[in-house]
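Visitor: Chain by chain, the residues run as shown.
2 protein chains.
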Amino acid sequence: MTQKLVLSIDAMGGDAAPAMAVGGCELASERFPFVEFLLYGDEPRLAPLVAQTRYLKSRARIVHTPDVVTGDMKPSVALRSGRKSSMRLAIDAVKDGEAAGVVSAGNTGAMMAMAKIALRMVPGIDRPAIATMFPTTRGESVMLDLGANVECDANNLVQFALMGEVFARTVLGLNQPSVGLLNVGSEEMKGHEELRLAAAQLRETHLPIRFHGFIEGDDVPAGTVDVVVTDGFTGNIALKIAEGTAKLFGGFLRGAFSSSIMSKIGYLFARSALAKVRLRTDPRRYNGAMFVGVNGIVVKSHGGTDALGFANAIGVAVDMATHGFNDKIKAELARMGVTAPAPAAEAASG
Amino acid sequence: MTQKLVLSIDAMGGDAAPAMAVGGCELASERFPFVEFLLYGDEPRLAPLVAQTRYLKSRARIVHTPDVVTGDMKPSVALRSGRKSSMRLAIDAVKDGEAAGVVSAGNTGAMMAMAKIALRMVPGIDRPAIATMFPTTRGESVMLDLGANVECDANNLVQFALMGEVFARTVLGLNQPSVGLLNVGSEEMKGHEELRLAAAQLRETHLPIRFHGFIEGDDVPAGTVDVVVTDGFTGNIALKIAEGTAKLFGGFLRGAFSSSIMSKIGYLFARSALAKVRLRTDPRRYNGAMFVGVNGIVVKSHGGTDALGFANAIGVAVDMATHGFNDKIKAELARMGVTAPAPAAEAASG
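If you read the protein sequences in the order shown, they are chains A and B.
To convert, count from 1 in the first sequence and add 21; that's the working numbering.
To convert, count from 1 in the second sequence and add 21; that's the working numbering.
Don't take every hint at face value.
Since copy identity is lost for identical chains, a pair holds within one copy or between any two.
To be verified - Within a straight-line C-alpha distance of at most 20 Å, the following computed DMTMM-like cross-link-like pairs (lysine to aspartate or glutamate) qualify:
id: 1; residue 1: 349; residue 2: 303
id: 2; residue 1: 116; residue 2: 303
id: 3; residue 1: 285; residue 2: 303
id: 4; residue 1: 116; residue 2: 225
id: 5; residue 1: 268; residue 2: 239
id: 6; residue 1: 25; residue 2: 119
id: 7; residue 1: 268; residue 2: 303
id: 8; residue 1: 268; residue 2: 161
id: 9; residue 1: 95; residue 2: 237
id: 10; residue 1: 268; residue 2: 327
id: 11; residue 1: 351; residue 2: 237
id: 12; residue 1: 95; residue 2: 215
id: 13; residue 1: 285; residue 2: 353
id: 14; residue 1: 351; residue 2: 147
id: 15; residue 1: 78; residue 2: 353
id: 16; residue 1: 297; residue 2: 161
id: 17; residue 1: 25; residue 2: 57
id: 18; residue 1: 78; residue 2: 64
id: 19; residue 1: 105; residue 2: 93
Worth flagging that the hints you see were computed from the coordinates, not collected in a lab.
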């Protein structure tokens, strides 16, 4: 991995930006010596932060941007008024071939809208999806869509399955990853029509997708499949329920360990083992949601994360870029016989 | 609470029936001395089990039923061929006024279909919902629908909100419980149309419902609201994700505590405090899903539960019956100005 990789960073996105973003780039610089950074943001604020770093300062170039997309800005407003924002110019760097991928902890909706407009879609994919990895009993799985699309039809779900499978196979390195469609299981419930249609397509497809079939909610944390496919409404709620339940459980445990002298002593003995659990379930470890389907590598960090979490999001972009994720999707689509539209049509649809 | 209360029990439903059901009734008999039981099932198998009990035997009457609804039977098949089943006859006991409520650990879909046919709906409520209590950071909340309806329109959701609010106020004894509609929160996601319509109705309603507005997935375990309203597809997945995540976390913890001598010692010291967490998050504690909206008290126990879990489901039926849950819903509907259809129309809709 001696080849140079350039990533563009929206240094102004996130609750604790720009210090958090610069700190994350510094951690990532140490971890990935082959990566160089284009930092988009307020130069007078960024320059002193970068100057204090050890690894980053020799591998970062600051690009001054006058505007910032705020967290509460509507996507349509951000698109119109954010043409000179750190977020937009960082995304444009990918479009212009200056960077292999972009990372931002800013406004999700604005970022998705800008990514679609600036990068357009991978030819053959109708809609982008937000994907993330999460911990399971068996290791980790990937789930999509987490919120890009409230309503999805069967074709969207099949395309999500394809992209999720390519991600699991190429980026996670899984051999023949299994794919499941999230549904309800009770006998009287047949699930939504689009789920049945998508399942039929996935069973018939001539792709080498190992389609497991429908899964239920408890199959997600159990790790029954490597790739969980669902619509953005269900996926968004599922992910947040899981995060909230983990937090609830953590709170119960903290209460238990501090409830008596005995339990406090118990905590001291078990501390290093418990630290491993905390590490394994640390949300920062799974920080970095991928916007798959847009024609470029775009990773969204949680807005409330810290430097360590942001470095992990950068790690996701590095993994996707080094494995040529988007090229692999195009190759799969070609294998499926989905031909890219002619350039003119492609431009018109952008 | 000296008044007698009769419950009908489908003693043949559930993985470990009938011993589990009889064991649960025995525990409930001890807990609720004012309850009497009609046990529907295979008399030759039930009689010796009941004879061995201490509290139940003087307060149970066995009603022999030749048939059983199996776990894999389709609702339509169960309706046709299960007219003499323990499940159906236990439900009919509520219809005929012999019992104040029915509890079964059998086939959910069959039970819902039979309850709708035999008991019909509370006049003014279009569709039943499945509701359950669950633990939160702040105590416990109630969520519905958990799977009776894959698709819900705005009116259904408003009716679920009403029934959930009545449950939280009368059965849980909460003063002015808050109600939230489960939705996605990202700026670019506006949620399904029916959610926006339901929210508008709940804001305008002249009911004294304390409508909190939309909530997100992480608000559910956080206990942001007392009543979580959602469609059956999302609710089913949300509940199973939460259960699975709790299990995942429990597995990680067990692994941590057994990973070294130190952590094993730690476990010994913290054991009693950890037992309290286990008790608080024990799924058996929250066993007993209510079929709200049908004109009678119907409680579904988890099929895989044990006697303790089944006793808790009986406890839910006892609470609903002693608080006159269905009468309170009718009173609320009357306050809302929803008038019951004329008897003929009601019968025709059954």
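Visitor: State for each hint whether it applies.
Guide: Hint-by-hint comparison with the structure:
1. In this assembly of identical chains, residue 349 and residue 303 lie within 20 Å of each other by CA distance neither inside one copy nor across copies; the values are 30 Å within and 45 Å between.
2. In this assembly of identical chains, residue 116 and residue 303 lie within 20 Å of each other by CA distance neither inside one copy nor across copies; the values are 33 Å within and 52 Å between.
3. Taking CA atoms no more than 20 Å apart as the test, residue 285 paired with residue 303 passes in neither setting, with 22 Å inside one copy and 23 Å between copies.
4. In this assembly of identical chains, the alpha carbons of residue 116 and residue 225 never lie at most 20 Å apart, being 35 Å within a copy and 48 Å across copies at closest.
5. For a Cα distance limit of 20 Å, the shortest separation of residue 268 from residue 239 qualifies both inside one copy, at 17 Å, and across copies, at 9 Å.
6. Taking identical chains as interchangeable, the C-alpha atoms of residue 25 and residue 119 lie at most 20 Å apart only when both belong to the same chain, with a minimum of 12 Å there against 79 Å between chains.
7. Proximity of residue 268 to residue 303 under the C-alpha cut-off of 20 Å is found in both arrangements, the shortest distances being 10 Å within a copy and 17 Å between copies.
8. In this assembly of identical chains, the alpha carbons of residue 268 and residue 161 lie at most 20 Å apart whether taken from the same copy (19 Å) or from different copies (15 Å).
9. With identical chains, the CA atoms of residue 95 and residue 237 are at most 20 Å apart between copies only, with a shortest distance of 19 Å across copies and 34 Å within one.
10. In this assembly of identical chains, residue 268 and residue 327 lie within 20 Å of each other by CA distance solely inside one copy; the values are 18 Å within and 28 Å between copies.
11. In this assembly of identical chains, the alpha carbons of residue 351 and residue 237 never lie at most 20 Å apart, being 30 Å within a copy and 35 Å across copies at closest.
12. For the identical chains of this complex, residue 95 and residue 215 are neighbours neither inside a copy (29 Å) nor across copies (22 Å), given an alpha-carbon limit of 20 Å.
13. Proximity of residue 285 and residue 353 under a CA criterion of 20 Å is satisfied in neither setting, with 54 Å inside one chain copy and 49 Å between copies.
14. For a Cα distance limit of 20 Å, the shortest separation of residue 351 from residue 147 inside one copy, 13 Å, qualifies, whereas the shortest one across copies, 48 Å, does not.
15. In this assembly of identical chains, the alpha carbons of residue 78 and residue 353 never lie at most 20 Å apart, being 39 Å within a copy and 67 Å across copies at closest.
16. Only within a single protomer do residue 297 and residue 161 lie at most 20 Å apart by alpha-carbon distance; the minimum there is 16 Å, versus 30 Å between protomers.
17. Taking the shortest alpha-carbon separations for residue 25 and residue 57, only the intra-copy value of 7 Å comes in at or below 20 Å, while the best inter-copy value is 77 Å.
18. For the identical chains of this complex, residue 78 and residue 64 are intra-copy neighbours only, at 14 Å inside a copy versus 82 Å across copies, given an alpha-carbon limit of 20 Å.
19. For the identical chains of this complex, residue 105 and residue 93 are intra-copy neighbours only, at 18 Å inside a copy versus 60 Å across copies, given an alpha-carbon limit of 20 Å.
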